[in-house]
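Residue numbers (this note's numbering), protein chains in the order written: chain F, 1 to 160; chain X, 1 to 634.
Honestly, the hints are just simulated from the structure, not real lab data. We put the CB at the ideal spot given by N, CA and C, even for glycine. One or more hints might be untrue.
Keeping only pairs whose Cα atoms sit at most 27 Å apart, straight-line, the calculated DSSO-like set for lysine-lysine is [said to hold, decoys possible]:
id: 1; chain 1: X; residue 1: K443; chain 2: F; residue 2: K142
id: 2; chain 1: F; residue 1: K142; chain 2: X; residue 2: K412
id: 3; chain 1: F; residue 1: K142; chain 2: X; residue 2: K184
id: 4; chain 1: X; residue 1: K184; chain 2: X; residue 2: K443
id: 5; chain 1: X; residue 1: K474; chain 2: F; residue 2: K62
id: 6; chain 1: X; residue 1: K480; chain 2: F; residue 2: K53
id: 7; chain 1: X; residue 1: K480; chain 2: F; residue 2: K142
id: 8; chain 1: X; residue 1: K327; chain 2: F; residue 2: K53
id: 9; chain 1: F; residue 1: K67; chain 2: X; residue 2: K474
Computed from the model, here is a short list of chain F residues facing chain X with C-beta under 10 Å [said to hold, decoys possible]:
id: 10; residue: I24
id: 11; residue: K53
id: 12; residue: K71
id: 13; residue: H72
id: 14; residue: A81
id: 15; residue: E88
id: 16; residue: A93
id: 17; residue: L124
id: 18; residue: E133
id: 19; residue: T139
Now the stretches of chain X that chain F is said to cover, found in silico as 3 or more residues with beta-carbon under 8 Å [stated by the list, open to error]:
id: 20; stretch: 217 to 223
id: 21; stretch: 296 to 309
id: 22; stretch: 314 to 321
id: 23; stretch: 564 to 573
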Amino acid sequence: MTEAAMLEGILDSHDRDPANIIAILQDIQTEANWLPEEDLRYVAARLDIPLSKMMALATFYKAFSLKPRGKHIVSVCLGTACHVRGGERIAGAVERELGIKGGETDESLTWTLETVGCLGACALGPIVVVDGEYHGQMTSAKATRLLQRVRKADENGKAK
Amino acid sequence: MSQVPKITSPDDLARWQERLKSQRDPDKPCLAICAGTGCQAYGVNRVIEAFQEELEKRGLSEQVEVLSTGCPGFCERGPLVTVRPQGIFYQRVQIGDVADIVEETLINGQVVERLLYEDPTSGQKVVHEAEVPFYQLQQREILWINGLLDPTHIEDYVALGGYSALMKALFEMQPEEIVEAVKKSGLRGRGGAGFPTGRKWESCRRAEGDPKHVICNADEGDPGAFMDRAVLEGNPHSVLEGMIIGAHAIGSHHGYIYVRNEYPMAVENTALAIEAARACGLLGENIAGSGFSFDVEIRRGGGAFVCGESSALMRSLQGEVGEPQAKYVRSVERGLWEQPTTLNNVETWANVPLIIAKGWEWYAGIGTEGSKGTKIFSLVGKINNTGLVEVPMGVTLRHIIFDIGGGVPGGKAFKAVQTGGPSGGCIPEDMLDLPVDFDELNKVGSMMGSGGMIVMDEGTCMVDIARYFLDFLKEESCGKCVPCREGIARSLEILNRICEGQGRAGDIELLEELSETIQGFSLCALGRTAPNPVLSTIRYFRDEYEAHIHERRCPAGVCKSLIEYWIDPNLCTGCGACIRVCPQLSIEGEKKAPHIINKMQCIKCGACYDVCRFQAIVIRSGEAEPVPVVEAAR
């Protein structure tokens with residue numbers, strides 16, 4: 001669970017107003033990288049929101065994850081513009097490289113793969129976003145190399 | 001943020017504008033670099049850093065301004081750098097070009113030829129930004145300013161005349177006059193439905209209830225549309241100014257900007273804009289000494305497409321699950337918190353200051369009978385000049401796609417253009433002379449929507465496109481009403497089996513019947529318009545459906561179950577590139593001899609197809625087995 005002091009700080013920054021619950025959950029996810037059940041219970045109790053509603057919100061909005069996510073978050077865009085330019089092939093290449101499917105996280109919590117409806121950089125499709133950084137005009141080979149570079153940088157970082 | 005003056009009267013703003021203008025040397029060299037999300041995907045941040053380092057190294061940091069702007073629209077050619085005051089336009093600028101631009105252009109006053117835009121039809125190089133045909137053929141009333149200012153500096157917007165329209169609205173016009181002006185301008189909502197903005201404002205103004213709310217819908221979810229992102233990222237003050245004017249007209253003191261979760265830069269720039277406007281007294285209590293108060297909050301969406309629908313968006317703002325509501329009572333009367341609410345989209349709000357500043361007569365002079373002003377389209381997919389295009393309503397699709405967009409790349413044939421996102425439809429080539437406005441596109445089974453235009457060529461399968469959209473909508477349907485939830489899922493099952501080569505006689509008719517039910521009985525526009533991609537593709541590309549069902553063939557070579565990859569021995573050079581990328585190790589062949597794919601192992605991932613530089617990998621569907629190459633020839 002996220003530290004209570006941290007959660008209290010987040011609640012305070014949103015005036016402890018249940019109407020701001022989505023923003024509160026977003027802040028918790030930014031802190032914890034996912035939404036731990038204990039956090040949801042804690043917030044529900046503090047703001048007097050039924051737990052069922054917390055679950056409804058956390059499952060309705062795609063931005064929320066009820067499972068821990070990886071250190072690196074890879075989003076492959078499957079918007080229409082990316083789709084007609086072969087976005088599915090890119091998604092396939094990324095899945096093979098990471099060994100996980102869209103929506104999954106690997107066991108070591110290194111990678112989370114998401115497929116997204118549209119990332120709004122359609123002119124440069126197909127798009128892959130790694131940890132918030134956009135990469136445009138992808139091919140399956142370019143996407144594979146991109147992920148290999150990230151992996152290599154991690155390994156080098158560990159070696160040091 | 002630098003020190004900004006507190007504006008307490010229109011004269012204060014005018015004086016500030018004068019001072020900012022006089023402080024700016026129009027002859028000072030300036031590198032205006034697009035730092036929008038598109039150019040960021042090209043790595044523009046490193047190019048900007050390289051410019052700063054190079055200028056520093058040469059002791060020019062003081063003499064040359066580096067301006068990080070929003071997106072001017074020509075994404076295809078990014079990263080874009082314009083050297084002012086000459087207006088020299090450099091495209092596809094890489095880190096390696098930085099030293100040359102500084103040396104040749106800034107110091108020696110020469111043009112770097114290789115970075116100029118070359119018109120593909122005439123082969124002529126274009127030196128100046130204003131002469132680039134892609135821009136010349138547009139009417140950029142909203143987008144032009146994106147390339148001139150740093151969206152994080154309110155001073156830039158003010159120096160270009162920003163917030164003057166607000167002063168006019170607050171001090172020279174009565175709220176009723178503003179409503180009247182917007183009505184007469186003919187502005188219609190840019191989010192998709194095209195409802196007359198002035199009428200919406202009038203109803204909300206008259207509605208009983210207090211407080212009233214204004215909302216900016218920046219939950220741009222249509223895949224393939226990114227104009228709202230560009231406006232909010234590139235010029236957030238224009239949206240704020242529009243919202244304050246609207247709030248004054250309606251009598252509202254509180255507003256929200258609901259931004260898509262996937263648009264972090266839009267959130268950041270808008271937050272800075274709000275903070276800056278508050279600091280200047282242009283937002284908050286007693287705006288510019290007028291006695292009118294209004295403030296805005298940003299809310300981030302949670303990644304749900306349906307929240308772009310107005311009633312769902314309002315639920316989400318209230319901290320609820322974003323399910324649409326039946327509209328027995330309109331939201332202008334009872335919307336957010338059951339109070340009168342006006343919701344408009346980003347581009348709509350950005351049009352408002354123009355209408356007030358230049359007058360409704362000017363605005364109403366642009367466009368067609370029923371659709372006024374300009375509209376920004378995002379031109380993407382299989383098209384040469386991808387990017388954002390702003391044109392007057394009523395120009396033809398052909399003009400946008402072929403004259404501005406430069407047609408389809410790679411010598412392929414144009415097949416269709418998809419407009420209106422998942423609610424729209426596919427329009428075939430023989431309808432390209434259609435004027436683009438709200439009403440004309442509806443007549444042919446599509447809609448203008450928020451302005452996404454995805455161009456498709458002969459390599460796009462129309463059945464797959466219909467399947468793609470239903471797959472998207474099945475995920476995004478909130479599940480509240482049965483026709484949408486079940487209808488889309490069942491239609492998708494049928495489309496999936498057609499794409500997998502399991503289609504049955506009668507499937508097309510079944511799809512049509514299901515579509516009718518979904519259209520007729522869904523609760524909100526997401527469901528009611530969901531069948532459009534299916535119906536429009538059946539209407540114009542029925543032969544492709546029939547080929548899938550009766551011949552088990554995908555004419556465009558897309559549907560995996562119906563295609564195979566084959567290496568043309570006459571084109572294969574035996575370079576081995578495909579062998580190296582094949583994840584199944586299913587390609588064999590000696591070096592410099594034609595390779596072959598083992599069909600039993602092939603998973604049709606297309607990696608070889610992507611990597612082949614000789615077009616030797618061919619996608620075949622339903623064609624006869626070619627004569628095998630004799631061993632001796634291999």
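**Q.** Interface hint for L124 (chain F), Cβ within 10 Å of any Cβ on chain X
**A.** Because about 5 Å separates L124 (chain F) from the closest Cβ in chain X, which is inside the 10 Å limit, the hint holds.
(Q) Next item in the hint list is K71 (chain F). Is there a CB on chain X closer than 10 Å to its CB? (A) violated (19 Å)
(Q) Given a cut of 10 Å on the nearest C-beta pair, is the interface hint for I24 (chain F) held or broken against chain X? (A) holds (9 Å)
Q) Given the proposed pairing of K184 (chain X) with K443 (chain X), does the C-alpha separation stay at or below 27 Å? A) Given pair K184 (chain X), K443 (chain X) holds - Cα atoms ~25 Å apart, limit 27 Å.
Q) Given E133 (chain F) was flagged as interface, is its beta-carbon under 10 Å from a beta-carbon of chain X? A) holds (8 Å)
Q) Between K142 (chain F) and K412 (chain X), does the CA-CA distance stay at or below 27 Å? A) holds (24 Å)
Q) If you draw a straight line from the CA of K474 (chain X) to the CA of K62 (chain F), is it 27 Å or shorter? A) holds (14 Å)
Q: State whether the coverage of the stretch 217 to 223 of chain X by chain F holds or is violated, taking the criterion as 3 or more residues with Cβ-Cβ distances under 8 Å.
A: holds (count 4)
(Q) Quick check: do three or more residues in the stretch 314 to 321 of chain X have a beta carbon closer than 8 Å to a beta carbon of chain F? (A) holds (count 6)
Q) K67 (chain F) and K474 (chain X): Cα distance at most 27 Å? A) Roughly 23 Å between the alpha carbons, so the hint for K67 (chain F) and K474 (chain X) holds.
Q: Between the stretch 296 to 309 of chain X and chain F, see if three or more residues pass the 8 Å beta-carbon test, and mark the coverage as holds or violated.
A: With 7 residues closer than 8 Å to chain F, the stretch 296 to 309 of chain X meets the three-residue bar; holds.
(Q) Given the hinted pair K480 (chain X) and K53 (chain F), is their Cα-Cα distance within 27 Å? (A) This hinted pair holds, its Cα atoms lying about 16 Å apart.
In summary, the numbered hints that this structure violates are 1, 3, 7, 12, 13 and 23.
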